[in-house]
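Got chain A; can you put chains B, C and D on it based on the hints?
Protein chains: 4
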Amino acid sequence: MSHILTQKLDEEKVFKDPVHRYVHVYDKLIWDLINTSEFQRLRRIRQLGTSYVTFHGAEHSRFNHSLGVYEVMRRILEKFMTRPAWQEAMPGWSEEDRMLCLCAALLHDVGHGPFSHSFEKVFNTDHEEWTGKILLGETEINQVLKQVSDDFPHKVNEVIAKTYENKLVVSLISSQIDADRMDYLLRDAYYTGVNYGNFDLERILRVMRPHEEYAVIKYSGMHAVEDYIMSRYQMYWQVYFHPVTRSAEVILRKIFKRVKDLYDEGYDFNCQPHLLKGFLEEKMDLKDYLRLDESTILYYFQMWVEEGDSILADLCDRFINRRLFKYVEFNPSIHMRLYSELEQLFRQAGVNPDYYLEFESSSDLPYDYYRPGEEGERLPIHLLMPGGELRELSRASHIVQAVSGKAQTDHKIYFAQDLLEEREQAGCRDVVAKIRQALRDAEKSGAR
Amino acid sequence: MSHILTQKLDEEKVFKDPVHRYVHVYDKLIWDLINTSEFQRLRRIRQLGTSYVTFHGAEHSRFNHSLGVYEVMRRILEKFMTRPAWQEAMPGWSEEDRMLCLCAALLHDVGHGPFSHSFEKVFNTDHEEWTGKILLGETEINQVLKQVSDDFPHKVNEVIAKTYENKLVVSLISSQIDADRMDYLLRDAYYTGVNYGNFDLERILRVMRPHEEYAVIKYSGMHAVEDYIMSRYQMYWQVYFHPVTRSAEVILRKIFKRVKDLYDEGYDFNCQPHLLKGFLEEKMDLKDYLRLDESTILYYFQMWVEEGDSILADLCDRFINRRLFKYVEFNPSIHMRLYSELEQLFRQAGVNPDYYLEFESSSDLPYDYYRPGEEGERLPIHLLMPGGELRELSRASHIVQAVSGKAQTDHKIYFAQDLLEEREQAGCRDVVAKIRQALRDAEKSGAR
Amino acid sequence: MSHILTQKLDEEKVFKDPVHRYVHVYDKLIWDLINTSEFQRLRRIRQLGTSYVTFHGAEHSRFNHSLGVYEVMRRILEKFMTRPAWQEAMPGWSEEDRMLCLCAALLHDVGHGPFSHSFEKVFNTDHEEWTGKILLGETEINQVLKQVSDDFPHKVNEVIAKTYENKLVVSLISSQIDADRMDYLLRDAYYTGVNYGNFDLERILRVMRPHEEYAVIKYSGMHAVEDYIMSRYQMYWQVYFHPVTRSAEVILRKIFKRVKDLYDEGYDFNCQPHLLKGFLEEKMDLKDYLRLDESTILYYFQMWVEEGDSILADLCDRFINRRLFKYVEFNPSIHMRLYSELEQLFRQAGVNPDYYLEFESSSDLPYDYYRPGEEGERLPIHLLMPGGELRELSRASHIVQAVSGKAQTDHKIYFAQDLLEEREQAGCRDVVAKIRQALRDAEKSGAR
Amino acid sequence: MSHILTQKLDEEKVFKDPVHRYVHVYDKLIWDLINTSEFQRLRRIRQLGTSYVTFHGAEHSRFNHSLGVYEVMRRILEKFMTRPAWQEAMPGWSEEDRMLCLCAALLHDVGHGPFSHSFEKVFNTDHEEWTGKILLGETEINQVLKQVSDDFPHKVNEVIAKTYENKLVVSLISSQIDADRMDYLLRDAYYTGVNYGNFDLERILRVMRPHEEYAVIKYSGMHAVEDYIMSRYQMYWQVYFHPVTRSAEVILRKIFKRVKDLYDEGYDFNCQPHLLKGFLEEKMDLKDYLRLDESTILYYFQMWVEEGDSILADLCDRFINRRLFKYVEFNPSIHMRLYSELEQLFRQAGVNPDYYLEFESSSDLPYDYYRPGEEGERLPIHLLMPGGELRELSRASHIVQAVSGKAQTDHKIYFAQDLLEEREQAGCRDVVAKIRQALRDAEKSGAR
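Residue numbers (the UniProt record's numbering), protein chains in the order written: chain A, 1 to 448; chain B, 1 to 448; chain C, 1 to 448; chain D, 1 to 448.
Just chain A, with the same shape it has in the complex (with noise of 0.2 Å):
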């Protein structure tokens, strides 16, 4: 065994956090690890990405949650690793054990860029990829997590990706009551000041137990993990799904498909998206990808609201200035051919669908039971009854009962209503009359 692996500072590292009160670091690995310039960039994007225009408070940045989902981990693991008797719970687990599962709860999303969702989707990247690469490439974090061995880097890696052997291990950091989720479900309530993220997270540590290849919870803290289900639901669809972020998000897409579509024309910058040049010519290298942030990202939409391209200097202006788009709700079951009337409306009034009208749905799971064969992450989450026997929580809560197995989706479509006017005011009244109606009738489906 490495000796790193036992390494403790001479004296306790503390962050102050407004969610956990403390962040301890005892660790000599995890202090050299969060000094790491690939994790000190963590800092520079934001958690929520896009919410910070719907709730001014979440401004709050990956660097902020990732200390969390660490704390969350030790003292998981405090827990189960100072119970009597607690080896033969977990049999053959080490040092080892515990420090990946450390590194991994603090590294989980060392791979996001700036602004994931909406960039992943034009660029055709992963963070997950981008995490592999950071973990195993020529980075700081690599050189630190090499001190242990070899292939530590590879298992803190295959632990993120969920292919681990140890399935403990990995359920402690992926499953539907994991220490990723409980610190962001608090720490995203807590700096959106709503509410309804909290639940008792010290009472949920005090009745996890490990049992063979994951953690169950103690039949008497049922009621616990409800507030959790339901605290999760809730904010999905507060903040998570706020149509306003999600406005926000399509401005973002339009954006960077506006950079692509005009790279691809050889467009000629005036300020040129060095930095994502990678991107652009599909070959973006390690060292770039990491020198993107939100800053970088910004700064190209700043310069670019001067840009000669009328429709990216239009929608950067947007994003910066906060002038998004509108939004109807719609029933897609209805309205299937909705999209291609509305985008030949569109043209016709001569307003460009491509980058002026979306159709966005969201859809969240808030608890699965087990269905063989599908989507592996999907782990149930199961409850130690007082017998000694396992049972399936939506087996044993109503509540949980109501929402397991059932997604909810929304569907809605984005547009610049302003251009609308615009166009109507040039004399396009029929046209526009048309567009508005259609989304009248788009929207009298979506109340449901």
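Heads up, none of these hints are tricks.
Each pair may be met inside one copy or between any two copies, as identical chains are not told apart.
Only pairs whose alpha carbons sit at most 30 Å apart, straight line, appear in this in silico DSBU-like list of lysine-lysine:
no. : residue 1 : residue 2
1   : 162       : 287
2   : 277       : 121
3   : 8         : 162
4   : 8         : 79
5   : 326       : 8
6   : 79        : 13
7   : 218       : 13
8   : 28        : 79
9   : 326       : 444
Don't read these hints as lab results, they were simulated from the structure.
Here is chains B, C and D on its own, set in the frame of chain A:
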């Protein structure tokens, strides 16, 4: 009277705010101001500059705070203007006065640039001056304010500049207990997670009374004000003057200084500081100033990590990757020649003291009584005694008396310890040993 | 209109309240009601009866809660009556209606006796009946209310009894989302320290709208109401129905039953239950009723620990010194004859089942839609949709639908385990073994 | 070493606590102590005596607080005894010392009677004396403690009485920053809703270090301790010494005095004060003392409202129905003969000053440095400086220095204003006018 002064929104707008629960907007004018690009720009400037390197939670923006100051002011006025016979207590008070208070509260920080503390020192500028330019120049804010009357922007500016004739209006936004301070103490405490900043805002609002040229506090609320003064004291020393935060500020200043020095020397930047040119050539215009924000500055820093000039590249890398300067406290009355000694030793060791050594003092005056002929802002806080007369706070409160008029100052030396170590290993043992000895001596003097 | 309806205090009175921060009193009538001896008496009756044996924080009184309900009502009306054109939304609304709401909110619990749940079952009485007597009888409260008009006390009583003609007034204090429930959920959560009871009161108040006979909720606030319904559900199962609390309640009932049985038998109490005589002889008068409170009852219990009758002495000792009954859950549909079997076995073992065995069920209906012809209180909650029509909550919310109309019931057997052990050691091994087996069988059925 | 010192419960027990979230019990001995009847009795004695008449939330019991002190102590020891090389910092520390700390923390208030402040003054008794009797007498607590060893109860008593030889043990429960104070400040703040009492307990626990005979505070935590001292100061003046609370206390004392006077005169009580007889005859025994609690006292008061003696009946009615005495502040150094003058005037007016007039002083010393030869408890708080030496707190902190050693005293006259009015209307105009003038003069002197 202009119609816009009393024009209400069809429906109140609310912002979810973690500190005040909700920020309420009823006036159309306020809503329009919030939506101007100059106000939205405050989203890209952090309230606490470099504090986030010490308190990871302190990532909130000036937008966040500005809404909060507005809300505190709104509540103060709501209290004042709904009490029985309030007009007698506020003779001549008009709707315009009310709106001046709200606008000044909302806009008082609108001139801030990125990392103002450091920025302003190097570039010899001042955010208050820019506030004036934004209010009076060709801006969206100016357009909105002018709807009231041609001289309304000017009046708002006078309120913020403390020169407006109605002193009560001025004092609500600038005094020793004003809407600005009350918001920032609560807000900065919330985001950092440090609970020293808490005091009972609701109680203070209830015991505040307009009284001729300022607001006074009913005697029964004295303890709430004591608590507010102590909160202020604690926040200064625990948060605002934290040495790690100041270390990051020192580096910022050194970066700006290096840019200026290089520009003056005619250095050819690989990545040109276009948006800073106005300052470098001492002819900054408003439009460029408004494009300066933290994303712009951080973009430059990231680019300059690769700049040819090794000092600039190193300093930017330090800031971006949080490799800060070390510090020791010292007592300047004992070591008056310390700076020149250290400067010389640094030069001998081959470490440029212009960029890698700094003396910095922080000083706070938690509360002050009135000193005729001294700086105007320090209006004392007055208590309204049961009999009706006024008494200056420090004469009634032992606690406040104890801190009244007593500035606390702390002096620190910041320096690049890692460079000293490098030089030591490169052979400069004697000089570095002398430097270390001088720092140890300084530290002893600093341990009061 | 009586002058007293609009008479304000010279200066507002405030109560520091940990749940609502401050309770504000502006009306002289309210202030006078608070100072009556009948209202002050509520200080000596705990809000949550025996819950304090489980949650040591739950020591707050009905006085505490009653002020809170008043404050919530005051805020509801403040919102309702300051919106533009509010009179159109509340046609015919008068100052008297406003005062009826406030008085009913303040006084709705004034008839409660000590440990009402247990007390009322044994003595066949009902706190609502006593509320009526207090409002209408020779009391200070009646005197204060009569200042408005001779029939004002009667009207307040009708509001509390839900028979008042203005249904909007009634619904604000008695419906599925009323001032009473909103206060007790928040308050009981605060004092127990259980955070399940939290919901966003301020948001609910903002989205509540008067609409003919009741208050409706704007659709945009649906999630806040969902959260409120879930809080209610959680508080019922986590706090109000906690089996340890109910065990203490069972003992209380047994004590009262024993007192009644002894009194009927003509037993000569060492310490006479003077203040209970009215109930024991079924002719309780108001004056005596008002002297009954928890200190009186606890005094008797302490005295009776030394009473000659060993059952009464033992039961009182159990309550005072928290030696509670054990419990097992069971399923009555499987074990319909369980009670008679256990009763017989207890008798065989020499343990009196009348005092040492109890079957108890708790049942909660978190929310119900409207069922014509069933109990009137269950007015459904209606959402006010964007188009203006109403929609019943459970038809819009999956979560609420899941719990709507579904009573959850839990059945438990409470018994004196220590007596069984005593009997076992005294030789009754076989019978006690049979009892244990029966309890184990019952428990198995209860584990659903 | 006795086995019981290290015997753990099979499963930890937790109490949900609103202040510390959870109180954790691991030791069987502690669990057994909590379940004794003498400890359960603390549920029937309020922590803050009559404060609930001012702050309706302050209804929490000494049981509540005692669990809290235990929990703070448990956390202090957990910190102390898990640091690396902790044994070197606490030479000779044994399991018995640990258990002494926990038991003393839990039991330090166990001797309190109902409304101790008032009670003890009249009956010339002292709760600390009763604590000793409970620990050493024939009680369940004594039985539980004796399981450790025959002299363990004696040792616990010594710790509480501050005479135990291990001064570190003593100081953790009795010093200027001890587990008792830290709990009550937080707890009383929570229940009253006054937020002045908040300070960062977790931080203080982290910077506390055992150092020979007491715990010291690392210099880096000085501000947290300043905040604690200020919290203490504020709580004293805002809550503990609130004049309305003291008015209720004055009435309590008058009731007890009247009972004593009547008993001494041989008055035949309609409702005999059986449980007080021991005190009235100066031979109180432990068994009776343990039956005295607030329910007993309040029962007597309710009965005595109907007592033949009009003074006793009136005083009890005042207490029960919150008809309190009025008060004015005065300056005793100016009005030394005021009491005798007023006494005489009251007699002339026909109002008995023995029961309807009282002079009362409250005095608080927020912090004190060490004064050799004065009362032992005032051990100063020491800071552990970076270099390792100790510095007394008030020498390092301006804020603490300002309040150090400076007792603040406030003098008030309490009197039955309503009786004066009655006498006035009954014709005693001149005398009452003189009384009023004297009170006005006194008040003027009191307005400092």
